[in-house]
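K.L.:
Starting from the given sequences, assemble the full structure and let the hints guide the process.
Here the protein sequences line up with chains C and E, keeping their order.
Quick note on numbering: the working numbering labels position 247 of the first sequence as 247, and the sequence is numbered without any gaps.
Quick note on numbering: the working numbering labels position 77 of the second sequence as 77, and the sequence is numbered without any gaps.
All the given hints hold, so there is nothing to weed out.
Cross-link-like lysine to any residue pairs, in silico, SDA-like; alpha carbons within 25 Å at most: (1) LYS84(E) - ALA93(C); (2) LYS43(E) - THR346(C); (3) LYS11(C) - LEU60(C).
I should point out that these hints are in silico values taken from the structure, not numbers from a laboratory.
There are 2 protein chains.
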Amino acid sequence: MTTSSSQVAEKLVHVPLGERAYDILIGPGLIGRAGGEITSRIKGRKAAIVTDENVAPLYLEALTDALQTDGIEVASLTLPAGEKTKSLDHLAAVCDMALAARIERNDAIIALGGGVIGDLAGFAAGIVRRGVRFVQIPTSLLSQVDSSVGGKTGVNSRHGKNLLGVFHQPDLVLADTDTLNTLSEREFRAGYAEVAKYGLIDKPDFFEWLEKNWKQVFSGGPARAEAIAISCQAKSDVVVEDEFENGRRALLNLGHTFGHALEAATQYDSSRLVHGEGVAIGMALAYRFSARLNLASPDDAERVEAHLKAVGLPTRISDIPGEALPVERLMEAIAQDKKVKSGKLTFILTRGIGQSYVADDVAASEVLTFLELQKAR
Amino acid sequence: MTTSSSQVAEKLVHVPLGERAYDILIGPGLIGRAGGEITSRIKGRKAAIVTDENVAPLYLEALTDALQTDGIEVASLTLPAGEKTKSLDHLAAVCDMALAARIERNDAIIALGGGVIGDLAGFAAGIVRRGVRFVQIPTSLLSQVDSSVGGKTGVNSRHGKNLLGVFHQPDLVLADTDTLNTLSEREFRAGYAEVAKYGLIDKPDFFEWLEKNWKQVFSGGPARAEAIAISCQAKSDVVVEDEFENGRRALLNLGHTFGHALEAATQYDSSRLVHGEGVAIGMALAYRFSARLNLASPDDAERVEAHLKAVGLPTRISDIPGEALPVERLMEAIAQDKKVKSGKLTFILTRGIGQSYVADDVAASEVLTFLELQKAR
Ligand SMILES: NC(=O)c1ccc[n+]([C@@H]2O[C@H](COP(=O)([O-])OP(=O)(O)OC[C@H]3O[C@@H](n4cnc5c(N)ncnc54)[C@H](O)[C@@H]3O)[C@@H](O)[C@H]2O)c1
Ligand SMILES: NC(=O)c1ccc[n+]([C@@H]2O[C@H](COP(=O)([O-])OP(=O)(O)OC[C@H]3O[C@@H](n4cnc5c(N)ncnc54)[C@H](O)[C@@H]3O)[C@@H](O)[C@H]2O)c1
Ligand SMILES: [Zn+2]
Ligand SMILES: [Zn+2]
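P.N.:
Structure (structure tokens):
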């Protein structure tokens, strides 16, 4: 992954959530400036950094130095990389580290890493002393455009993904675009699935722009920072309208009901599937399912699939390497997914590109039949 | 403990917290009516009851029957009794039970027991699916007058008490006064310490009333329900003013900084000290400390100690059975207590009976000297 990020102007997206409002800064070199950005916004002078084994060797020292330069006392914990780290056991370890470091209400827990670290560290920040300050320094594309914004935190349970957590908004998000230079192509693509998602939810023009400009987004430069900023703004808009997910926010789950089921059925084994890949397949399925229900045109479903394929993302269940996934296992995972209300299945369906909506009355039998059909493809 | 509760009229205290407003019902026979009270307030028809080994044999069947009669599907988990149950491990067990029971956002987790069960179950209700409904059925005096109201939930850490948790208000509190008939004298007394606390914070008349009427509160009857209702109202008033403990709510910690330190130093061993006993000693210490600082008169400190003694509560560190507690251990526990901001000690001090206030600049050295002096007493 190459980038010409130093020519990219910094972007700011403000998330206007009243008492919980915060800034998202997007641009190069932000880790080096983290100390000043934090001390100008947070009273405490202690920080507990949570990161993972891939990210620590790349950025932990630079961040620690930057914080110490501005007089912040730093403790840190480096955890294994991967979805399995989002567990109650690791949550306990993070909380213990923060308490040992005597993090108080006005001090910060800092997430330095992808969405796994962000979700875990944010959960800890939400429960240590019933809430301490929280700073996101997302280093994967997925976390820069999605998970670091909006305050959803959590860990997985044996019953499903993200079933335990709290809403705890960050006080600051620093999306340092330089960090994307060390991200693998595969992870960059996975994050791109969430970028495309914003277009598919309600921004047909953005989707069209991506169809034309995706190569520049991948190669870095102004188009990349532009895509990240548009994505953060899109997420912010939805979150501000529905902070606690009682309605519209569910739209952000486009592709996620299927996606989460695929992740669960592959036991969160990242060698087979990572979150964004699950979302890519899930979005393709959501469009195909909507076409099957005569809601969207098959052409739109084709167009979505074509674009995701062009960037190298999987779009079919059979694209997942390894043993075939039994439909029953997927149905079970879907039923336990948290977007189930009083027994009925809630799905994000669509009437076309950028015309998604929340359907809360989807019959399980329809889903089952649809999934059975996918086996033949 | 005897009671004439059937003659006591039911009392209602409403906690006006906007979207999070709820009712506290106080009176006899409420467990038998739990189904109707819940179904009229909560949409879901599933409930996960959390209780402990002392309370389960007494009330779990009655509650289960009452809920099932009103069409609520019930799952339950019975945990060991005692403060050690407030741990992340038990939290994981409660969450797992609730998820296995497919508790969704509109279903309820129900706490049936004392403050330990309430704090633990409430924490679980705050994090399962990022928040499900929560019903408190407090069965100890302490939980009826204090812990079941106000939305503070949590568990202990090796670094100190209640260091992990969330604010999660209940949707309903059912304080069934009949359950107090099976509570031990010792636990009833411990709960009484929190009743007296409300008088000592800012209700000198209530404290005076208690000095005259405490025997009737202990023996049951109208004075008992009256004292519980006044206590709930007092707690509600403070919580409504400062839901997230940024200021005035800290007053409820009168006696608790010392109390928590004593609990920690005795390793939460209930054979030596239970929470309310720690609070009783803590309040006596807070008044003596305030007298030593020339804030309150020694007469007031004497009066507080005399009343607590009269009802049979401990008032001195040396009243705790077992080996003497080193002052250093207490200081360490105080320093790690969560009412510490940027290094300074926050204490609730007092200018007299019912004249408590938050002091956030108490020098550690003063506390140390004061505690050293207590050894001689
Ligand atoms: N909270 C939310 O709103 C939200 C939204 C979307 C996704 N998520 C969660 O986010 C998680 C997925 O996030 P993710 O894709 O970032 O996963 P991740 O955190 O596992 O990161 C992906 C991989 O990239 C590595 N990595 C991260 N930054 C790097 C860098 N700069 N250089 C080299 N390697 C780097 C990580 O070590 C990891 O191996 C899932 O758990 C998902 O549930 C949460
Ligand atoms: N959340 C808050 O705002 C808040 C406020 C004050 C205290 N607390 C917490 O509450 C806890 C103390 O509460 P507690 O004193 O109720 O402790 P507890 O829950 O341990 O109950 C005390 C004992 O009484 C038993 N018991 C309870 N009800 C009974 C009944 N009806 N009959 C017979 N036995 C019964 C229990 O099994 C236990 O052995 C502490 O953990 C404290 O930190 C929380
Ligand atoms: Zn996602
Ligand atoms: Zn208490």
